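> In case you want the letters, here they are:
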Amino acid sequence: MMGTMRQDFGAAAMALVPRGMDPLYTALSLFRRRRFEDCVTVCTMLLEKNPYDQAAWTLKMRALTEQLYVDEVDVDEEGIAEMLMDDNAIAEVARPGTSLKKPGTSSGGPSPGVRPTSQSGRPLSGFVRPGTQGGRPGTMEQAIRTPRTAHTARPVTSASGRFVRLGTASMLSSPDGPFINLARLNFHKYAARQSLAKPLFEYIFHHENDVRNALELAALATEEAQFKDWWWKVQLAKCYYRLGLFRDAERQLKSALVQQVMVDTYLYLCKVYVRMDQPLTAIEVFSQGLEHFPGEVSLLTGIARIYDGLNDSTNAVKFYKEVLHHDNTHVEAIACIATHHFYTDQPEIALRFFRRLLQMGVYNSELFCNIGLCCFYAQQYDMTLNCFERAIALASDENMADIWYNIGHVALGIGDIALAYQCFKLALASNNDHAESYNNLGVLEWKKGRVEQARAFFQTAQMLAPIMFEPHYNFAALSEKLGDLQSSYIAARKSVESFPEHMDSNSLLKQLKDHFAML
Amino acid sequence: MLVPIFTLKLNHKINTRMLTIGCYDGQHPCLTAATTAGKVFIHNAHNRGIASGRMSVSGENSDISLLNIQQAVSAVSAGKLDPTSNCDSLLVGTQTNLLAYDVINNSDLFYKDTPDGVNAVVVGSLGTVEMPLAVVGGNCAIQGFDLEGNDVFWTVTGDNVCSLALCDFTNDGKMELIVGSEDYDIRVFQDDEIIAEMTETEAITLLCPMMHSRFGYALANGTVGVYDRTARYWRIKSKNQAIAIHAFDLDSDGVPELITGWSNGKIDARSDRTGEVIFKDNFSVSLAGIVEGDYRMDGKTELICCAVDGEVRGYLPASRDLKGNLMDTNTEQDAVRELSQRKQNLLLELKNYEENARAAQSNRPSGLGGMDTGQMGIIPANTQLQTSLTVDPGDEKHPPHVELFVATTNETILRTALIFAEGIFEGESHVVHPNVNNLSSELKVPITPPKDVPVDLHIKAFVGMKGSTQFHVFEITRQLPRFSMYIPCAKLPQEPQGTVTFTVQERVQRVVLWINQNFLLTDEWPAGAPLHFQVVSLRGTGALVIHMEGNGQVTIKTDDMDLAGEVIQSMAVFLGIEDLQVTSDFPGYMEELKNILIKVDEFSSVRQKLTAEMADHSNLIRSMVVRAEDARILADWKNMRKYYMELFDLNRDLINGYKIRCNNHTELLSCLKLVNQAIQRAGRLRVGRPKTIVVNACREAFKTHNIDALFKIMKVGAT
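Going line by line, the protein sequences match chains A and B. Just so you know, my numbering puts 219 at position 219 of the first sequence, and the rest follows in order with no gaps. Just so you know, my numbering puts 635 at position 635 of the second sequence, and the rest follows in order with no gaps.
Chain A with its partners taken away, still in its complex shape (with noise of 0.2 angstroms):
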């Protein structure tokens, strides 16, 4: 049987390779032309014939890393465990405005009556990328179950899941077993040998996802190469910072700086300070590539984006701004100063933005739906109705619920409570975990008098989004009016706690300490 197999193998190579071409030259024409399927197969036929061939080794090598590759710089977010377990932050209590930990400490930022937040206590973001969504929780169950409620999931740490199963995937694709036996491997021969040496750390790091073994090979290599290979010195960094030893791959980065600015190594460099939860120096150091390679825009992003998740949208969307200077297609650039636009009240630019995401071709709901909003705010009423059923032609099962809502808010403007009342019913039904959706509903039922129901929405809501200050504020003021003295106080106390400047949960809260004092 696996006799039969393997020359089936070798004559679908044998196909791929035309009469009188030599193999390993159709294979680095494979490899070229991102075949890298076929080109593995090839590689595979040529080491059956010659398991010494070191070149068809190599490109095999490659190939298979080139499946996996991941760019190691955007995509990473922090797991549940290393967010609460984080002992690499320096101050636990940092200035306000010097810390990523604590989200709405920045006094610039927005204020959550007038943006909303996401459902970790940080303000909308216009773009989505890993971190935007989650804060940071206080406790670990309050973290373990905001993923479940909430779309967000995280994962639970970054060492494990995507990573694991990107190695264990690979596995699968070679029934002989793992292409190369790291056990057996003598990282002492290859780390001589500069041209075997780096395809094989890339192979053990992307495809095997051995960050130990890596790091080993890694580290004899650079020695090998007498510490003047600042390639080496950024790989080192990758493993240690894989590993979360921050400390080091700080180190070796600097160290690879010194040897060869590179644009790649200052964004892994910030990478590590803001893992270290120290914004500032990340700013300085993008500042510092940025003196290297002016006005290069993964660099200005970078600063944009600590900023935004400083609260500060003042200076993120100065930045934003630039982005687009060097870059009018930079589709992140422009969705964030967008969304800046919206909430800062000025629908009509934000539209013009939208619209040019539209022309460039982003085509999803969430587009519509915001362009929806806007026409809507920019009062073009006529369109308004059209984007939202584009939107909801287009709408997964994830977003549904939001586009309801949204729409909900678009009824609640024009005064038809009916169509409000059946779209945040349609927005529960689509996602019962719609926070946002409770407490307008709990609003409207209020409204009717009906007020045991408004009560169990918004404590439905209380409960699903303790960060949101409105469902608390809600609840206090309909146990006040209720004469719950008791409850209006306790969640008076929780809205200000999450909004300490909303003037109508301070007064309620005042008032019923005024209250409290006279009994």
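These are calculated hints, taken from the structure and not from any lab test. Hints may contain errors.
List time: in silico EDC-like cross-link candidates among lysine to aspartate or glutamate, alpha-carbon distance up to 20 angstroms [as the list claims (entries may be wrong)]:
no., chain 1, residue 1, chain 2, residue 2
1, A, 321, A, 348
2, A, 228, B, 601
3, B, 703, A, 224
Ranges of calculated distance between the beta carbons of each label pair, as one might list FRET restraints [to be verified]:
no., chain 1, residue 1, chain 2, residue 2, range
4, A, 500, B, 26, 27 to 37 angstroms
5, B, 639, A, 116, 32 to 42 angstroms
6, A, 185, B, 649, 24 to 34 angstroms
7, B, 660, A, 500, 47 to 57 angstroms
8, A, 409, B, 113, 55 to 65 angstroms
9, A, 194, B, 113, 20 to 30 angstroms
10, B, 131, A, 314, 27 to 37 angstroms
11, A, 194, B, 635, 53 to 63 angstroms
12, B, 639, A, 415, 44 to 54 angstroms
13, A, 380, B, 85, 51 to 61 angstroms
14, B, 150, A, 355, 46 to 56 angstroms
15, B, 642, A, 449, 46 to 56 angstroms
16, A, 184, B, 399, 57 to 67 angstroms
17, A, 184, B, 113, 28 to 38 angstroms
Since the model is a prediction, treat every value here as computed from it, not as a measurement. Cβ atoms here follow ideal geometry from the backbone N, Cα and C, with glycine treated the same way.
Got chain A sorted already, so can you dock chain B onto it with the hints?
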């Protein structure tokens, strides 16, 4: 009477000697100290002023912020590293790293590996270096980092550094670095050159600059004192340990006093001139540190003392009308008491003389009996005390030693001899009092000096007649030469392997003079053209041969590199040589060093593997904890139990790994220390400029792993 103007409870433990104060925002001074579990806390009494926006910190500890260092902190300091701003930077040292941190911006200035550890940190400008430096003292090595984290200053010292201070030792307006180390030496560096060396009797735990070239010091045995350059003003010794010393002008007389905090909770202020106590106070527990700063923001500098339990007291300098009288006592009463005490003593003495005189004058038939003479303690007027020092090669019963022979010139006896000398005896002094039955007119005291240093022996002998009750005290001072533990020998048991060769522009006679002064010889060594002087060490470290040709070429042969260094340094001082380049060869030692360097490499690579393994494990543990908790919330008891069992095993593995890593680290550290010592030894073979060059070149070679170059530099010096 001076009372604290403020007291605080910080409610955090403070590690001893790890307290500092810094103005991180350029305005508000903050007490900063290392506390338990690898954390540093910053007490900011004025943070209500800075807190803007929505920063809310919980209740009572609102003015304390904690910094995670993740490792045991070994030194904390604050100072201005950036000359352009007026904000202080915080420096935190651990056994492996130094972190310079900008507190107000929550960002690192630099984070550096210090494989030699960080035992002490000071910040300030040093010598001719323009930028302010963070000077770090580790195991045998001293490093200076500038704002960017470049190590612009590096040198080695004889042993682990315990304390550092910057002080204008030479009064030239530039700061010199004073280093106290575990080998009992205080060394003074001008830039990277040693300009003075003082030997103390214990490890120097603390140093503090006072005024001009004066500085205070404290030893591990409880001694505290003040030096002015190389001369010691005073010192006192206590059974408690000094935890902190600080110079502060408490009585407003314009001269700072030495404030000492003790391990039993006492603090006292002593006059820098005399060591007289002018003020004292008590804490209930041991002191942790003493700093000064304007903590109340009223423009006056207070002295701030902190105890280990977090109690803080601040003292303002006394106003001038107190006239330096800070204690709760009446000076006049004190003076009267002291004078009456003296009167009492004088009266007693007078009475004694009168009785003697009466005895001598009384006309008894038998004359003045021997009995009476004895009782009265009268001894012949020409009695003299003779001392001599000889080298005893030792036998089966006695180990080799230097013998101090004390004798009187006549039949009088020596009741007791009290020898006071630093660094030879345990506790500095030695008392010999023979049994009453075998009193004689001579005493032999064996001495074994542990180091090759010249020592003054202050001898006090009680001389009297047999059976006297009163004795005469003779005081005499003898100097023990530097190389006393060596005995000349005509035929060497074994020719030493190591050699040092150099040329001096001196006559042979001068070298012979040096030999006669520095060795304990029975007869003076004859001066002759090819000088060949050979001795054997009594400490069992082999022979020493000094050979000098008529043309000034000197060859020193010994297997002990330290000894060769000592000989060269001493000779250079005596002959007034400023720069001396030598060629040396110590085959045995070099072999040893080579092995050590190989070991260092091995340890480093093993360490990296272990680190990666541990990081991997800890990542796994984190995810396991989350999974286990997840199972708990879902009430999935079976899985929860499973996860926690796995967690337990993993944790045990991790702890084992940690132990292995600890051992590895300790061994690596001791190896690195040996390497640093080797560089120091190579430096000591040279004098002046060549010495500095050799030390720096060795460092460079070691850093770049160029072992052959390292050996070459050690042998022939650097160009």
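> Output the numbers, in ascending order, of every earlier hint that fails for this structure.
none
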